[in-house]
Amino acid sequence: EKWLRLKEMEISKNTMIRYESIVKTSVSLLGGQILASAVTQEDLLVFRRELMTGHQVMRPNRELTPKGRSVATVNSYMGIICGMFRFAASNGYISQNPFSEISTLKRAKTEPDPLTREEFTRLIDACHHQQIKNIWSLAVYTGMRHGELCALAWEDIDIKAGTLVVRRNYTQAKEFTLPKTQAGT
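The numbering of the sequence shown is full-length UniProt numbering, which starts it at 1 and goes up by one.
Don't read these hints as lab results, they were simulated from the structure. A portion of the hints provided could be inaccurate.
[As the list claims (entries may be wrong)] Label-pair ranges, simulated between beta-carbon atoms:
(1) G162 with A72: 16 to 26 Å
(2) E50 with D158: 42 to 52 Å
(3) A72 with M9: 19 to 29 Å
(4) E50 with L149: 27 to 37 Å
[Unchecked claim] List of simulated lysine to any residue pairs, SDA-like, C-alpha gap at most 25 Å:
(5) K109 with I132
(6) K2 with S37
(7) K180 with R69
(8) K24 with E175
Backbone N, C-alpha and C define an ideal beta-carbon position, used for all residues, glycine too.
Please put together the full structure from these sequences, using the hints given.
Below, the structure written as structure tokens:
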């Protein structure tokens, strides 16, 4: 809890929401009321395996799915929890960090799988409103992220010049932030 409150000063509100969710899930999987000093390397390896292979709750209907999480997601969870344990060790809450010998999982590089022209045509044909067709076309042709699409304003578009500038992103925290990359156009 203390680590999260201190971390809040360094990260965005959106990242804080993600960290809180990860910590809540992790504490639950590690045993709820277990003390940090009682967590072993074996506990963390079992935790990692459970993240990879176990159930996860899907929103909004809160149903369980048995598919597990991706390597990237598991590494993200492990990195955040490792930071918590590193904080605990360096501040004397625990004598040693049980993460010290745990390495990150390696993930296989997967080739991007973009829509084929036929799939794109079927997607657009399935849209019943012109605005939905427009937003999907813009997303596919520009590669904009969903938060960038949601934050787009008329002032960002120059129809005469045929340009569009990505100036902001809309987050899960219902905030407008800078886009992930500074390329912009």
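Just tell me: holds or violated, for the beta carbon distance of E50 and L149 against 27 to 37 Å?
holds, 35 Å
Within a Cα-Cα threshold of 25 Å, do K24 and E175 meet the stated pairing?
holds, 23 Å
Pair hint outcome, K180 versus R69 [Cα-Cα no greater than 25 Å]
holds, 23 Å
Taking 42 to 52 Å as the stated bounds, is the beta-carbon spacing between E50 and D158 within them?
holds, 50 Å
Range agreement (Cβ of A72 with Cβ of G162, hint 16 to 26 Å)
violated, 35 Å
Between K109 and I132, does the CA-CA distance stay at or below 25 Å?
violated, 32 Å
Does K2 pair with S37 here, judged by a C-alpha cut-off of 25 Å?
holds, 15 Å
Between A72 and M9, does the C-beta distance stay in 19 to 29 Å?
holds, 26 Å
When held up to the earlier numbered hints, the structure conflicts with 1, 5 and fits the remainder.
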